[in-house]
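Peer 1: The hints should help you fit chain C onto chain G, whose structure is shown.
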Amino acid sequence: MAKVESSPVGNIIKHGFVWFILGFAFLPLYLMIVISFKTNEQFQKNPWFFDPIKDWQWQNWSSAWEIVSTYISNSVFVSVLSTSITICIVLSAAYVIARYRFPGRNIIFYLILGTMFLPGTAASLVTTFNLYDNLNLVNSIYSLVIAGTISGQVMGIFLLKNFIEDIPKELFESVQIDGGGHFAQIRHIVIPMSRSVIGVAVIMDFLSTWNNTIFPLIMLRDPELYTIPVGLLYLEGEYVKQWGEMMAGFAIGSIPLLLLFLFSMKLFVKGLGAGAVKG
Amino acid sequence: MSKVTLTQLDKTYSPGKQDAFRAVKGIDLKIKDGEFMVLVGPSGCGKSTTLRMIAGLEDITGGSLEIGDRVVNNVIPKNRNIAMVFQNYALYPHMTVYNNMAFGLKLMKYSKEEIHKRVSNAAGILGLETMLDRKPKALSGGQRQRVALGRAIVRQPEVFLFDEPLSNLDAKMRVQTRAEITRLHAKLKSTMIYVTHDQVEAMTMGDRICVMKDGEIMQVDDPINLYNNPQNMFVAGFIGSPPMNFVHGTVSEKEGNMTFTENGSAPNALQFGVPASWVDRIKNSGRSDVVFGIRPECIQTTSEAPNSIPFDAKIDLAETMGAETYLYLETDGAQHTMIARVDTKHRYSINESTRLYLNMDEAHFFDPETESLIQ
Numbered sequence: 018m019a020k021v022e023s024s025p026v027g028n029i030i031k032h033g034f035v036w037f038i039l040g041f042a043f044l045p046l047y048l049m050i051v052i053s054f055k056t057n058e059q060f061q062k063n064p065w066f067f068d069p070i071k072d073w074q075w076q077n078w079s080s081a082w083e084i085v086s087t088y089i090s091n092s093v094f095v096s097v098l099s100t101s102i103t104i105c106i107v108l109s110a111a112y113v114i115a116r117y118r119f120p121g122r123n124i125i126f127y128l129i130l131g132t133m134f135l136p137g138t139a140a141s142l143v144t145t146f147n148l149y150d151n152l153n154l155v156n157s158i159y160s161l162v163i164a165g166t167i168s169g170q171v172m173g174i175f176l177l178k179n180f181i182e183d184i185p186k187e188l189f190e191s192v193q194i195d196g197g198g199h200f201a202q203i204r205h206i207v208i209p210m211s212r213s214v215i216g217v218a219v220i221m222d223f224l225s226t227w228n229n230t231i232f233p234l235i236m237l238r239d240p241e242l243y244t245i246p247v248g249l250l251y252l253e254g255e256y257v258k259q260w261g262e263m264m265a266g267f268a269i270g271s272i273p274l275l276l277l278f279l280f281s282m283k284l285f286v287k288g289l290g291a292g293a294v295k296g
Numbered sequence: 009m010s011k012v013t014l015t016q017l018d019k020t021y022s023p024g025k026q027d028a029f030r031a032v033k034g035i036d037l038k039i040k041d042g043e044f045m046v047l048v049g050p051s052g053c054g055k056s057t058t059l060r061m062i063a064g065l066e067d068i069t070g071g072s073l074e075i076g077d078r079v080v081n082n083v084i085p086k087n088r089n090i091a092m093v094f095q096n097y098a099l100y101p102h103m104t105v106y107n108n109m110a111f112g113l114k115l116m117k118y119s120k121e122e123i124h125k126r127v128s129n130a131a132g133i134l135g136l137e138t139m140l141d142r143k144p145k146a147l148s149g150g151q152r153q154r155v156a157l158g159r160a161i162v163r164q165p166e167v168f169l170f171d172e173p174l175s176n177l178d179a180k181m182r183v184q185t186r187a188e189i190t191r192l193h194a195k196l197k198s199t200m201i202y203v204t205h206d207q208v209e210a211m212t213m214g215d216r217i218c219v220m221k222d223g224e225i226m227q228v229d230d231p232i233n234l235y236n237n238p239q240n241m242f243v244a245g246f247i248g249s250p251p252m253n254f255v256h257g258t259v260s261e262k263e264g265n266m267t268f269t270e271n272g273s274a275p276n277a278l279q280f281g282v283p284a285s286w287v288d289r290i291k292n293s294g295r296s297d298v299v300f301g302i303r304p305e306c307i308q309t310t311s312e313a314p315n316s317i318p319f320d321a322k323i324d325l326a327e328t329m330g331a332e333t334y335l336y337l338e339t340d341g342a343q344h345t346m347i348a349r350v351d352t353k354h355r356y357s358i359n360e361s362t363r364l365y366l367n368m369d370e371a372h373f374f375d376p377e378t379e380s381l382i383q
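Which chain is which? The protein sequence lines are G and C, in order.
Counting in the working numbering, the first sequence runs from 18 upward without gaps.
Counting in the working numbering, the second sequence runs from 9 upward without gaps.
These are computed hints drawn from the structure, not numbers from a lab.
Beta carbons are placed, not taken as given, at the ideal position from N, Cα and C, and that holds for glycine.
With the C-beta cut set under 10 Å, the calculated list includes, among others, these residues of chain C facing chain G: (1) 102; (2) 159; (3) 169.
Chain G extracted, bound-state conformation (with noise of 0.2 Å):
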């Protein structure tokens, strides 16, 4: 095959294009940084560079460290807890859709799929919250862990079930044969053969439940309970001229989900990937 030859003009373009997009996207998270580091003083002189490390301003972390600390760990709560409890329901549900034909096997999956088209939060807001209320669930923090399971289901259902109908049958006959029961056919067959597929369903519900907003802005009242999203909004509000610590807040908040992806990036990248090929 002969080698093509690219110019050094159109390499020049390319990559200045490549850095541009990278550059337009890591602006923000690069200014988040700069400014946690700054008073307001140093933040209006010199709003885009680094201080010198000698001018650093250290504190604006530790003063937002003690705000954020009880809004992550109430989001790590509420998110581990929701998670852990929608992969279990989408696990069974997968493996009885695309195991077994029973009566009404495919309205139920279809029904299930169509709730992907309801209208989202901010539609159902009302509806939402007055069923909330009438199960005294307003201002508890068991209100984000049952709404944030219910939302996580219909795409994983989605992506198991496909996953699972494309193990080979012979698997699971094996394991009744050595007598394995349903319970012994998902442990050891479908969690470990579809791993990255569940991978990718815990990380995208868990990112979704991380990131809600709405919801527990409407939920919750009591500031011991809000998770990281509602309390960076307060505290954008009541420190809105304290830049500095603002950041420094934002940023804490953003390390649980860079630590979350950096180490499960592989694990997502190949679980997307794999329905894309049938092996």
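Peer 2: Frame of chain G; chain C shown alone:
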């Protein structure tokens, strides 16, 4: 070890509905303790469905299934004390060879020592000792199938079930693994039920062969008897490669001699005297139209066999296999192509005319309506 008895065993999908399909039609089969029974037949004949009913992976619509002296119609697979080897191995891809073989025993809560003992023993029998730490993706097809065999052996079941285990292997590995399974049977002396569509596997492995077609049993017999005495045209044509030649014709009696004449108006249609051993049987059947059957190796280039009848044919195609040649023949009647299996002493050319001899000691006559052997 255990016998397996199928009594009027029936499987109907969607019973009572418009699209009901009867896959297995009330079959009766007795498999003896320690026997190697092969279920063979074309795709869709019901052999795999029968095997899966024995395994408990398919519900039984009618009839009864006994393993040993127990009726197991409604017994779940794990309580039937059977082990199954699948066509695509069905190995757990995330487990090592050791854990694949140990999995069933772990589920049954055997002790670690007992599991280790059984797995090591099975690995020794199958030559897997050096592969116990590997995962299935690091094994060849033949090795994977041996692991699947090992997983069955460790369970020490009453009955082994094989669902076309060699289909996914290449030709060389198939021959090797076939021999391994036969040796395993000789060593373990277990009851084994083996499903295949390959009649070579059936003939070489089975103590007895059950030939199935369209959900029914066509004949159950040992390989030699099945080959030499097929009870119907389906078995005659299915067992043996190349298949038996069939010539449709009529018999007529004249001056105490019965003559077979090939159908059609061709001037040199096949015509010969019916062997004495068949005359009474054909007379008693009351039929004048019959199907004459003869195996390819019984059409020879010499008249050495005592009851040989000559006929002339044109060679349509000659396939040299090395040790023998298959001649595809057009008789003058050109109603059909017959196949002869001859030695390779002579080299044949297409369109060459030649004289061949039918060994009438190996003739068969079938009823064209029922396709059964005329008894």
